[in-house]
Amino acid sequence: MPPSVDPLSAFTGDLIPGERGEGLHGDVKFCVLQCDRGAEFWGAAVECGPDSCSPMNHSFCVRVVRRSDMKPLRIEEYDVTISISGIPEDKIVADKDEGWCHYNFAFQANPGLQLVRIFSKGCVVVERVVLFTVAHAELWWNSRGAGAKGLPADEIAKAHLCQGASKKSYGDLQKFRKWASEGTWEMFGPKYSHYDWWMFPIHAAGRKPEFAVGTGEVMELRSNEDFMRNYRR
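The numbering used here puts the first residue of the sequence shown at 579, with every later residue one more than the last.
One or more hints might be untrue.
[Claimed, not checked] Distance condition first, Cα-Cα at most 27 angstroms in a straight line; then the derived BS3-like pairs of lysine-lysine:
{"#": "1", "residue 1": "Lys736", "residue 2": "Lys769"}
{"#": "2", "residue 1": "Lys745", "residue 2": "Lys756"}
{"#": "3", "residue 1": "Lys736", "residue 2": "Lys786"}
{"#": "4", "residue 1": "Lys745", "residue 2": "Lys786"}
{"#": "5", "residue 1": "Lys769", "residue 2": "Lys669"}
Keep in mind the hints are simulated off the structure, nothing from the lab.
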């Protein structure tokens with residue numbers, strides 16, 4: 579995209595998030611994530627109106643890593659700041675104390691497209707257009723299609739029941755029943771088992787985007803009597 583084109587207006591026509599581009603800075607990469615070590619941040623659903631629980635109703639994380647091997651770097655050495663279109667600088671709260679390789683930024687998000695700029699020592703290193711939707715708006719996203727990696731509903735239902743058979747550290751419904759009957763409750767903890775993605779599928783694409791569900795998958799799963807019976811147990 580030519581520098582003369584405003585990145586926010588360029589995406590507005592399609593109403594989709596996107597990245598204008600990230601400049602190459604040697605072996606340094608600036609990641610914009612939902613949380614430290616989380617999925618890429620492209621926006622979120624936000625609460626609007628008098629019932630909003632907090633003025634700081636969303637946040638994202640900037641993490642600095644070495645591009646060649648993704649090893650974390652000490653962020654304080656890169657003087658990282660941000661700007662968000664339409665949000666005054668003094669309304670963005672930076673948390674620099676949670677970790678040595680990342681900062682968290684909290685702010686009041688407005689519905690619509692927003693241009694996020696990440697700066698290092700005063701220079702723009704990332705420009706990203708993100709989309710904030712109204713929390714109670716109808717879910718429009720689909721986990722399948724161009725650029726999406728979602729599994730069909732029947733595969734998600736199968737993983738819910740027996741994904742743990744593929745790996746010892748994975749949990750599933752059959753293992754849940756076994757652990758409960760044996761009273762080995764510690765097995766439900768993250769130290770022993772991982773299962774959130776297929777046991778409790780959600781709209782957001784996390785570390786395993788194939789298990790994210792869109793409108794179509796939710797409808798199919800809700801109409802699957804076996805899945806719903808298992809899910810409620």
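Each hint, compared with the structure:
Using a Cα cut-off of 27 angstroms, the hinted pair Lys736 and Lys769 holds, with the two alpha carbons roughly 24 angstroms apart. Between Lys745 and Lys756 the CA atoms are separated by roughly 16 angstroms; this keeps the pair inside 27 angstroms, and the hint holds. Among the hinted pairs, Lys736 with Lys786 is consistent with the structure: their alpha-carbon atoms are about 16 angstroms apart, no more than 27 angstroms. Taking the CA atoms of Lys745 and Lys786, the gap is about 15 angstroms. The hint holds against a cut of 27 angstroms.
Annotation: proposed proximity of Lys769 to Lys669 is violated, straight-line Cα distance about 38 angstroms (limit 27 angstroms).
Hint compliance for this structure: hint 5 is the single one not met.
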